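Enquirer: The number in the numbering used here is simply the position in the sequence shown, starting from 1, with 58 added.
None of these hints come from the bench; they were simulated from the model.
Quantities reported herein were computed from a predicted structural model and do not represent experimental measurements.
There could be a bad hint or two in this list.
With a straight-line Cα cutoff of 20 Å, these simulated SDA-like cross-link-like pairs (lysine to any residue) come out [unchecked claim]:
hint : residue 1 : residue 2
1    : K183      : T170
2    : K154      : Q214
3    : K154      : S208
4    : K128      : H111
5    : K148      : K183
6    : K128      : V150
7    : K128      : K78
8    : K128      : M112
9    : K128      : G94
10   : K78       : K90
11   : K90       : V150
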Amino acid sequence: MAIGQHGDHRLFTNVMTLLKLLFEREEAQLAKRELGMVSRNTALGGSTDGFRHMGEIYSELTGASRQRGKYGLLHPSLVGEMDAILAERKTVNYDKDRIRQAFTLVLRDCRTWQDMRDALPNCVKDLIPECRHLARTREEAFTLADNPRSYTQYMQ
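Generate coordinates for the entire structure from the input sequences, incorporating the hints supplied.
Expert: Structure follows, in structure tokens:
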């Protein structure tokens with residue numbers, strides 16, 4: 059069956075959907091840690107609205123309330139921990155960019171669920187219900203077979 063036919067609205071061909079599935083837990087954990095810093099900063103005398111750090115606002119407020127919020131600087135005793143969280147986020151974003159590039163490269167010529175299953179590594183195929191029970195019929199990254207440079211880059 060071709061990808062996206064028969065009203066399939068999940069559109070697992072979308073690389074961003076795969077990235078979301080791969081990174082959602084890690085990103086949720088980082089967001090939780092960032093928001094936890096808001097309450098810790100408040101406990102140390104900071105604004106209940108949130109704080110600014112490295113040019114960014116960290117707050118539980120949304121919408122118009124967020125725009126009207128009063129944001130002081132992060133308490134100095136929390137700066138090291140916040141910097142560590144931001145370093146982790148930077149690493150996650152870098153990893154996402156590399157994986158996005160690899161998925162975009164390897165999936166660009168896939169036309170069927172079987173193509174997708176064969177192109178992707180075994181550890182990813184289980185994220186896609188349509189691919190979960192398909193056996194591999196070609197080598198991983200077969201879509202790059204005619205491009206040695208891209209194949210080498212993908213395999214890294």
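Enquirer: Evaluate each hint against the coordinates.
Expert: Status of each hint after checking the structure:
1. K183 with T170: 13 Å, holds
2. K154 with Q214: 14 Å, holds
3. K154 with S208: The hint holds at about 18 Å.
4. K128 with H111: 13 Å, holds
5. K148 with K183: Not OK: K148 and K183 at ~26 Å, beyond 20 Å, violated.
6. K128 with V150: 29 Å, violated
7. K128 with K78: Roughly 32 Å between the alpha carbons, so the hint for K128 and K78 is violated.
8. K128 with M112: 16 Å, holds
9. K128 with G94: 18 Å, holds
10. K78 with K90: 17 Å, holds
11. K90 with V150: 15 Å, holds
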